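Visitor: Residue strings, one per chain:
4 protein chains.
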Amino acid sequence: MPNNKISDLGNNKNGDIMKHEVDLSDYNIRTDLTIEAIEKDATIAPSTKTYDQVRVTEIDVDEEKSKIIGKKIGKYVTIEFDDVTDKNNKDKVLKIFIKELEKFIKLDNKNDLVLVIGLGNDTSTPDSLGPLAIDGINVTNHLYELSLVDENYQRVAAITPSVMGKTGIETSTIIKSIADATKPKLIIVIDSLASTSVERLNRTIQITNSGIFPGSGIGNRRKEISLETLNIPVIAIGIPTVVDAITIVSDTINYMIKHYIYTKEHLHLPKYKLVIGNNYLKEDIKINNQDKELLLGLVGHLSDYELRSLLNDVLSPIGYNLIVTPTEIDYLIDSLASIICQGINEIMQH
Amino acid sequence: MPNNKISDLGNNKNGDIMKHEVDLSDYNIRTDLTIEAIEKDATIAPSTKTYDQVRVTEIDVDEEKSKIIGKKIGKYVTIEFDDVTDKNNKDKVLKIFIKELEKFIKLDNKNDLVLVIGLGNDTSTPDSLGPLAIDGINVTNHLYELSLVDENYQRVAAITPSVMGKTGIETSTIIKSIADATKPKLIIVIDSLASTSVERLNRTIQITNSGIFPGSGIGNRRKEISLETLNIPVIAIGIPTVVDAITIVSDTINYMIKHYIYTKEHLHLPKYKLVIGNNYLKEDIKINNQDKELLLGLVGHLSDYELRSLLNDVLSPIGYNLIVTPTEIDYLIDSLASIICQGINEIMQH
Amino acid sequence: MPNNKISDLGNNKNGDIMKHEVDLSDYNIRTDLTIEAIEKDATIAPSTKTYDQVRVTEIDVDEEKSKIIGKKIGKYVTIEFDDVTDKNNKDKVLKIFIKELEKFIKLDNKNDLVLVIGLGNDTSTPDSLGPLAIDGINVTNHLYELSLVDENYQRVAAITPSVMGKTGIETSTIIKSIADATKPKLIIVIDSLASTSVERLNRTIQITNSGIFPGSGIGNRRKEISLETLNIPVIAIGIPTVVDAITIVSDTINYMIKHYIYTKEHLHLPKYKLVIGNNYLKEDIKINNQDKELLLGLVGHLSDYELRSLLNDVLSPIGYNLIVTPTEIDYLIDSLASIICQGINEIMQH
Amino acid sequence: MPNNKISDLGNNKNGDIMKHEVDLSDYNIRTDLTIEAIEKDATIAPSTKTYDQVRVTEIDVDEEKSKIIGKKIGKYVTIEFDDVTDKNNKDKVLKIFIKELEKFIKLDNKNDLVLVIGLGNDTSTPDSLGPLAIDGINVTNHLYELSLVDENYQRVAAITPSVMGKTGIETSTIIKSIADATKPKLIIVIDSLASTSVERLNRTIQITNSGIFPGSGIGNRRKEISLETLNIPVIAIGIPTVVDAITIVSDTINYMIKHYIYTKEHLHLPKYKLVIGNNYLKEDIKINNQDKELLLGLVGHLSDYELRSLLNDVLSPIGYNLIVTPTEIDYLIDSLASIICQGINEIMQH
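Residue numbers (the numbering used here), protein chains in the order written: chain A, 14 to 363; chain B, 14 to 363; chain C, 14 to 363; chain D, 14 to 363.
It is worth saying that the hints were derived from the structure and are not from the lab.
Take the hints with a grain of salt, since some may be wrong.
Any copy will do: because identical chains look the same in the list, a pair fits if it lies in one copy or spans two.
As the list claims (entries may be wrong) - Keeping only pairs whose Cα atoms sit at most 27 Å apart, straight-line, the calculated DSSO-like set for lysine-lysine is:
id, residue 1, residue 2
1, K112, K179
2, K236, K189
3, K198, K236
4, K123, K88
5, K236, K179
6, K189, K179
7, K196, K179
8, K196, K80
9, K236, K196
10, K100, K112
11, K80, K236
12, K100, K198
13, K123, K271
14, K196, K116
15, K119, K198
16, K123, K85
17, K119, K271
18, K299, K85
19, K295, K271
Please read all numbers here as calculations on a predicted model, not as lab measurements.
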């Protein structure tokens, strides 16, 4: 359990006492996914169901859990899937996304305005999910006044407030202004997120009723957009598209340990040279501290959380903790955006 | 002088009386350029200067003229130039644009906020001038609070409110909301315009202090953005990127007449076949009504304005009065947008 | 029937003899659609079927017809449809496109290489159909050597040779080089076309086995790509995305005549003012020469073909015969390209 | 010095003998930069000059060095710089790029054809450098036959052969075909590269006369394009835009060691807490094996090369060795491409 201090780094056999205390409250783990945040705490048991290889996890964060994992109170649904460049797979994910999103939406009247907001920066590929999705949203608000809409279609408006670096204005200020003028009954926000897991990049949709901090994935956190700040229910839909260097390094160090233990155990087998491959991840390898420390010295003493904090200390001051994105993002982002806008359109028209 | 009625069309030698009255107040000549609107009225004499093949025309529209030409009271400066794909030419236009725009801008204090607004639709090439220009504007508003700005740089914010067809919200509502929240001392609006002259397409910049109607060029006129509606001075910068079919047809009919008269006059010359080319436009051909009517029958009886009104009657009901754009727009729009944003950036930082 | 001369323009009641002869072989009617070329000749009767509002016309051009209409010998299938932004409509068109394209394709063996070529310029929206379609083609040629392909999938390669203005190389030279090196058994070429009818813009697919001239729609005709020049069967698929100003003017002049006659006939009816609208196009109006000449003078004497030739004389020398595209092209081009690539992919994998 | 075997990993105090031999010839260090490859061998001393903060390094790889560093025989010039979003900086880099590129180009005659080739994939941002640069190349080959070119301008053609995954054809096959047909006297190839250093990403231009392997940076190496394979001199210009996860991890592990040693040495100083920041990289820290092993256990025993090999063993089998790109690439790629095409254009026209 994190105590917001890293201690004992350097307390070693040589008797040196290297008391290096880092205030972890300064360290912002770069995940916007609650499913990743709860991995820190075994007492939170999410409920997971799998539909045809798509995993849906529901987490209810109450006040107590909120303090532990540092995520806001609310309901979080995470949809995890594989490749969406395959049309069948995409249709499957779309169907589940619609089913899950629908549970979040409560509207009394087709005339109630839903304001859909695409956060992010259309000129940066991994940050363009929101603006791309908005391009596909069917808007009807302006047609309502002219009675030009099929009565089955919800009243919908959509905006892309861009990012503070391009507007010079706090994104939350823009949203609040337009919400005040248009008086929506529900706000749906779409944004790119940051993950602490490469496996989840471009393969996860998070839906939550707890609101969102624009730019929390990429760049600095901005002012919150939520029921509390706007007095309007806010549903946030996000897909992780970036990781930071800390994630890549700490993932790899964990793989190294498993690889080392697996290798040591299988070294005597004749077929060893053939079988190493990715087997070390398939078998359930029991990590023991002795091996961990042998392989990695003091670094092997650290918990996952301490390792990430140390990496933050090392990388952040030299500007190396770069935010990165797999190069395949260019092929995936359109497909991901279309799942979101098609899903929203579908729900709005029945 | 237009009297808002076309009469006598059809009053012909055969004695038929075809009284066809069209209410011209319904007919919206598709020009956003005041320099074109005044061509209807000889009593308005603009002042024109030419700098190195770039023509700058200044028109002051007072209350009286406003009624005649149907343009708002204010000052209009039009910069006409040739190709801007040539770097030298572009630099020349940029310099003159800066000089002219500067005359419109009065700011007391570097701390006064200037809000730059890029109207239009980033997914439609001829309508993307505003959003493209905004991409290049240096914004500083958010840095001002952190004292991170060189004191020579004006406080600047920038937004792209998109179009009503994509947001479902009146563009003027979005702008008013954000202006209320950010309290700018000056608003600069950038938009694509419609022209009634093919020659001016992508070769004209209009600057005015009279405000603008979003979407007046393409699609329907929306609510005005101006000092009157916002209580903040508004400078509008526009470049015509589209014409309608009426313009193309009425231009051509006028060329046909000149071509016919020229041809008739030169037919007896031995070198006739060699010289026709574009000579008919170079010589100052006197158009006489007899030839006009001979060539074009009843259509030859119509004034320019009546011809456009007739074309509107013919084309609009069948949805043919298409808005078109020359195919070279794809190569020009970036260059035009960069003149505007570079010009604004330059003025804002000294 | 065109005799390649316009005469008698100007032979009028006043006794003037204005013998203006234009050599029509110089005049290139800007249509790449054979369905438009045959409209000049009543002796060619195309066979047309309509499936659920999609019209399919088949024209076989033999040697004799080829001379008359100036199109190459071969089979031409034209699919005409409405809007493809509607998903149902798009699916309908896709199905018919697949059915018709399949009739053109004869391959003995899945191992026979099909080379798909996307002509045009990816940086000019109306000319980007070919490159956009190629982006969606599933290529398998490189996988064949590694036996990585499902045996149902045809061997396919795809290239985008760009345009001569960007490469400095004749497009046909690039294609011939690559065809020589890869030895395809069939070539499928995709290109944007020019139309002489605004109604057909973005609403027509032409399929032919007669080959294609790159850039015949936009810009100058380049060297032919066909069975004759490459010794490989060539199927060309094209969609008209541009018209020239001549088309817009001559269309409009024809509408004016119909509008005039309709107006004259209905003027005495009390409900006249209400009913004019687009009725003049719905009724089958008989155009009589007397009315035509009354309305349009000498211009009313011209046949369609003569009118276009005159317009060419007037507009071309002054560079006004601009190539234009409706502004909605930005929304349609992706959808049109996806019909073509999906259609080809479908045929190649069964 | 790498001996193409990693041994002794696991030979530890516990007496276990873990003889893990990996054939390094299979391990492809993902660098396309010769300046990085020579860092493995102290006997190769490059010559470096610095002009106004831009570093230019020249390396001549002869037969002997070629074997050691695994790079082809030839001359390699590397230009290293900072940010090119700043206009002044960009102009400075452009000037030096022109000066260095010029030294590689020997042409007898303005009529000699130069074929410029933009490798890579225009739909993947980090791989789009080549196609983007080609968009800006002034081509003249087609004008030469018409004598339409100013005699100062070199005969230039330009192609973008795309990538095998999109064409189904070996890129070298396409290039050879077109080279055979157009007979250039010089080929200039532009491509995105992979780096093993995050610092060099988007901040380095490499020019070489040794040819290039398409796709060596991203994806698999394809057949070589060089003087040897084409019988035409080939100049390759590349900019690193991607790194792999191995690079990020091995960089970080090295930083961790320096950080640890620095921390240990300064821990007793009162100002310690204030000064840590990035100081650990500024001071010339002497890495001793004892500290290295204390911090990192067995991993601390490995040389840089051995560490990368181990990481390759761990990450490649599980598909984790992702290729990544900093998110700022979207802002930099246009600027980098324009330096290359402007530089080439400049040299070609005098």
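Visitor: Determine for every hint whether it applies to the structure shown.
Guide: Hints, verified against the model:
Taking identical chains as interchangeable, the C-alpha atoms of K112 and K179 lie at most 27 Å apart only when they sit on different chains, with a minimum of 26 Å there against 35 Å within one chain. Both within a single protomer and between protomers do K236 and K189 lie at most 27 Å apart by alpha-carbon distance, with minima of 11 Å and 22 Å respectively. Proximity of K198 to K236 under the C-alpha cut-off of 27 Å is found in both arrangements, the shortest distances being 21 Å within a copy and 25 Å between copies. In this assembly of identical chains, K123 and K88 lie within 27 Å of each other by CA distance solely inside one copy; the values are 25 Å within and 46 Å between copies.
In this homomeric assembly, K236 and K179 come within 27 Å of each other (Cα to Cα) both inside a single copy, at 16 Å, and across copies, at 26 Å. In the homo-oligomer, the alpha carbons of K189 and K179 lie at most 27 Å apart both inside one protomer (18 Å) and across protomers (19 Å), since each shortest distance falls under that limit. Within a single copy, K196 and K179 get their C-alpha atoms as close as 26 Å, and across copies as close as 18 Å, so both meet the 27 Å cut-off. In this assembly of identical chains, the alpha carbons of K196 and K80 never lie at most 27 Å apart, being 32 Å within a copy and 38 Å across copies at closest.
In the homo-oligomer, the alpha carbons of K236 and K196 lie at most 27 Å apart both inside one protomer (20 Å) and across protomers (20 Å), since each shortest distance falls under that limit. In this assembly of identical chains, the alpha carbons of K100 and K112 lie at most 27 Å apart whether taken from the same copy (19 Å) or from different copies (22 Å). With identical chains, the CA atoms of K80 and K236 are at most 27 Å apart within one copy only, with a shortest distance of 19 Å there and 49 Å across copies. Proximity of K100 and K198 under a CA criterion of 27 Å is satisfied in neither setting, with 34 Å inside one chain copy and 30 Å between copies.
Proximity of K123 and K271 under a CA criterion of 27 Å is satisfied in neither setting, with 55 Å inside one chain copy and 46 Å between copies. Taking identical chains as interchangeable, the C-alpha atoms of K196 and K116 lie at most 27 Å apart only when both belong to the same chain, with a minimum of 22 Å there against 40 Å between chains. In this homomeric assembly, K119 and K198 come within 27 Å of each other (Cα to Cα) only inside a single copy, at 10 Å, whereas the closest approach across copies is 41 Å. Proximity of K123 and K85 under a CA criterion of 27 Å is satisfied in neither setting, with 30 Å inside one chain copy and 40 Å between copies.
Taking CA atoms no more than 27 Å apart as the test, K119 paired with K271 passes in neither setting, with 47 Å inside one copy and 55 Å between copies. When the C-alpha separation of K299 and K85 is checked against a cutoff of 27 Å, the pair qualifies neither within a copy, at 34 Å, nor between copies, at 46 Å. Taking CA atoms no more than 27 Å apart as the test, K295 paired with K271 passes inside one copy only; the shortest distance there is 10 Å, against 34 Å between copies.
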